[in-house]
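Trainee: Line by line, the protein sequences give chains E and Z.
Quick note: the first sequence, position 230, residue 230 per my numbering, numbers continuous.
Quick note: the second sequence, position 174, residue 174 per my numbering, numbers continuous.
I should point out that these hints are in silico values taken from the structure, not numbers from a laboratory.
Everything numeric in this text was worked out from a predicted model, so none of it was measured.
A hint or two may mislead.
[What the hints assert, rightly or not] Simulated DEER-style distance windows between Cβ atoms: (1) E:N125 x Z:D29: 11 to 21 Å; (2) Z:M262 x E:P181: 46 to 56 Å; (3) Z:D300 x E:L108: 15 to 25 Å; (4) E:G234 x Z:V287: 29 to 39 Å; (5) E:K83 x Z:Q309: 28 to 38 Å; (6) Z:N285 x E:R225: 56 to 66 Å; (7) E:F107 x Z:A106: 52 to 62 Å; (8) Z:S256 x E:R148: 26 to 36 Å; (9) E:G74 x Z:D300: 25 to 35 Å; (10) Z:R346 x E:F107: 19 to 29 Å.
[Said to hold, decoys possible] Sample of chain Z residues lacking proximity to chain E, with all beta carbon distances greater than 12 Å (derived): (11) P191; (12) V270; (13) V321.
Ideal placement from N, C-alpha and C gives every residue a C-beta, glycine not left out.
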Amino acid sequence: MAIANDMPAIRIQGLTKRYGSGDTAVDALKGVDMTVAPGEVVGLIGPSGSGKSTLLKCLGAVIEPTAGRMEISGEAIYDGGWKLDDLRALRRDRIGFIFQAPYLISFLDVTDNVALLPMLAGARNADARSRARELLEALDVGHRAAARISQLSGGEQQRVAIARALANRPPVILADEPTAPLDSERALTVVRILNGMAVKFGAAIIVVTHDEKIIPTFRRLYHIRDGRTQEEAGEGRAP
Amino acid sequence: MGLGLLIGVTLSMAGIYRGMVEDATVLIDGSGADIWVVQQGTLGPYAEPSSLRDDVVRSIAGLPGVAAAGNAAYLTMQVGRGSTESRVLLVGFEPGRPGEPGHLIAGRPVTRGHYEAVADEKTGMRVGERVRIRRHDYEVVGLTRRMVSASGDPMLFVPLKDAQEVQFLKDNDALVNERERTAANPAFNRPGVPGLLEAVQASQAQSRQVNSVLVRLAEGADADAVAENIRRWKRLQAYTKAQMEEILVAKLIATSARQIGMFLVILSVVSAAIVAFIIYTLTVNKVREIAVLKLIGATDATIGGMILQQALGLGLIGFTVGRIVAGLWAPVFPKYVLLLPGDAARGFAAVMAICALASIVAIRAALRVDPAEAIGG
């Protein structure tokens with residue numbers, strides 16, 4: 001998919017999410033606005049219960065917002081209702097996910113873990129594996145391409161998980177606390193990798209984090225409080 | 001490993017059944033007979049007791065289509081070997097006639113009329129060893145292989161006269177008592193008939209009984225026709241090889257076969273339950289990974305396929321371990337365990353089918369996982 005540089009990779013306007021109804025209704029999101037450009041990495045921070053996970057689930061198309069609008073690469077995917085029939089295909093092809101733990105498939109080798117996504121999207125086996133090896137090389141784990149997951153270190157597994165998220169060249173990547181279990185050095189390494197990949201592949205990366213070690217590395221931050229976002233300028237320190 | 005051992009036990013149970021059938025077949029083939037002549041109305045000599053006079057063999061040998069006939073006596077008993085005992089099927093035979101031991105793997109055939117024996121190697125006896133049978137010592141002069149009874153007891157071949165003595169003759173005390181009892185009977189001890197008592201007592205001190213007459217057919221003779229001839233004219237029961245196989249397999253070992261069949265069913269159910277439990281536990285422990293897979297766009301078919309693949313992989317490993325251990329421990333079993341490739345193939349198919357069925361529970365659980373569980377705490 002071609003990404004126009006003048007078009008945001010993701011734009012959210014007035015997004016709301018209400019759980020329940022009547023007296024017991026809870027408004028988890030109360031009109032979230034967010035815009036992230038291709039190649040940009042932004043932080044999404046906020047205290048527990050502020051709505052980070054709900055926003056991530058809405059962005060990931062696993063729960064349906066109550067109102068508002070979401071666009072990916074200029075195409076509306078939600079506008080008072082889903083605009084696409086196949087949300088599974090949307091998640092597979094246009095959104096990459098990185099989690100706190102790698103959650104790789106233990107009985108597949110490294111290459112197959114990464115190649116799985118292109119194959120799910122219909123790519124030929126050889127093409128998918130070739131793309132996987134290319135990504136693994138870019139992430140400096142090319143030499144472990146044939147290894148079993150259990151043979152990798154924690155840092156290597158996280159790189160493979162990042163490669164998997166990039167496998168279908170999605171315009172948007174959602175990273176949910178990707179550095180939480182890591183020490184400072186390894187956490188900053190992951191941020192460095194994410195920054196590099198955002199630039200290299202033109203992906204917009206939204207990093208949900210509590211991690212004080214990496215917050216100063218973002219140039220732009222969205223602070224979410226009580227279901228509303230507030231944009232802040234970050235320090236933009238080199239990781 | 002546990003599943004592998006269970007599959008090993010299952011394969012061994014099938015092997016034990018095959019071994020029983022094989023033992024029955026070997027018993028029939030090893031005798032060298034085409035027809036078994038036994039007491040009328042019995043399924044003898046292996047399935048029921050049968051008693052015939054040993055001169056019957058002469059009249060049978062003269063029938064059309066009969067190439068050779070020989071008396072045979074069978075008796076399952078304990079044989080003394082020094083301070084230990086072995087359980088054997090003692091076979092009395094007439095050298096050169098049907099019923100003699102087949103191929104010898106060591107030693108020589110029985111050449112003397114008394115107190116020599118040929119043993120199956122499974123008795124553990126050695127050539128030159130002396131074994132105690134009732135009141136006499138016998139020298140083992142030769143060894144055979146795979147000559148066992150339908151119940152798996154190894155055979156010990158001795159001359160017919162010795163086997164008759166072992167089976168039918170009474171001990172000395174019983175003989176003395178019997179003589180006194182006969183002498184006290186006025187019907188056998190008449191004052192006016194000299195020699196009657198001695199004649200009766202002499203007849204009691206010898207045996208003329210055998211269990212079966214084994215018949216070898218002349219080339220081209222029809223077994224059914226010869227057997228019918230014996231039944232009609234000699235007023236005895238005669239079984240062809242096919243009929244004897246039917247008696248041994250369908251009647252003698254039928255109960256054991258059903259018993260083993262029940263064990264196989266139970267083991268199959270237990271194996272299925274174990275596989276289902278393992279796969280279900282593995283799946284439940286990977287709810288987050290499954291949610292991630294769903295989140296990144298894996299279809300239900302892909303996830304179901306992965307679980308099925310794991311279940312089949314588990315079955316493959318279990319079957320491989322089971323087949324290896326079954327092969328390793330088969331020789332240790334006291335009875336013959338025959339592991340046929342066909343049974344292994346059927347066992348493999350059954351294991352795969354059980355694993356596939358067992359994975360259904362886990363697949364259903366996996367498909368209920370919400371992809372939203374992958375995000376957040």
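Trainee: Please go over all the hints and tell whether each is borne out by the structure.
Mentor: Evaluated hints:
1. Remark: the range hint 11 to 21 Å for N125 (chain E) to D29 (chain Z) is contradicted by a beta-carbon distance near 55 Å.
2. Remark: the range hint 46 to 56 Å for M262 (chain Z) to P181 (chain E) is upheld by a beta-carbon distance near 53 Å.
3. Range check, D300 (chain Z) to L108 (chain E): about 18 Å between beta-carbon atoms, so the 15 to 25 Å window is met.
4. Against the hinted window of 29 to 39 Å, the Cβ-Cβ separation of G234 (chain E) and V287 (chain Z) comes to about 35 Å, which satisfies the hint.
5. The supplied range of 28 to 38 Å is met by K83 (chain E) and Q309 (chain Z), whose beta-carbon atoms lie about 36 Å from each other.
6. With their beta carbons about 36 Å apart, N285 (chain Z) and R225 (chain E) fall outside the hinted range of 56 to 66 Å.
7. Taking the beta carbon of each, F107 (chain E) and A106 (chain Z) are about 54 Å apart, inside 52 to 62 Å as hinted.
8. A beta carbon spacing of about 47 Å between S256 (chain Z) and R148 (chain E) contradicts the range 26 to 36 Å that was offered as a hint.
9. A C-beta distance of roughly 31 Å is found between G74 (chain E) and D300 (chain Z), which places it inside the suggested range of 25 to 35 Å.
10. Taking 19 to 29 Å as the suggested C-beta distance range, the pair R346 (chain Z) and F107 (chain E) conforms, at roughly 28 Å.
11. Against the 12 Å criterion, P191 (chain Z) stays outside the reach of chain E, whose nearest CB is about 100 Å from its own CB.
12. Under the 12 Å C-beta cut-off, the non-interface status given to V270 (chain Z) relative to chain E holds; the minimum distance is some 26 Å.
13. Against the 12 Å criterion, V321 (chain Z) stays outside the reach of chain E, whose nearest CB is about 18 Å from its own CB.
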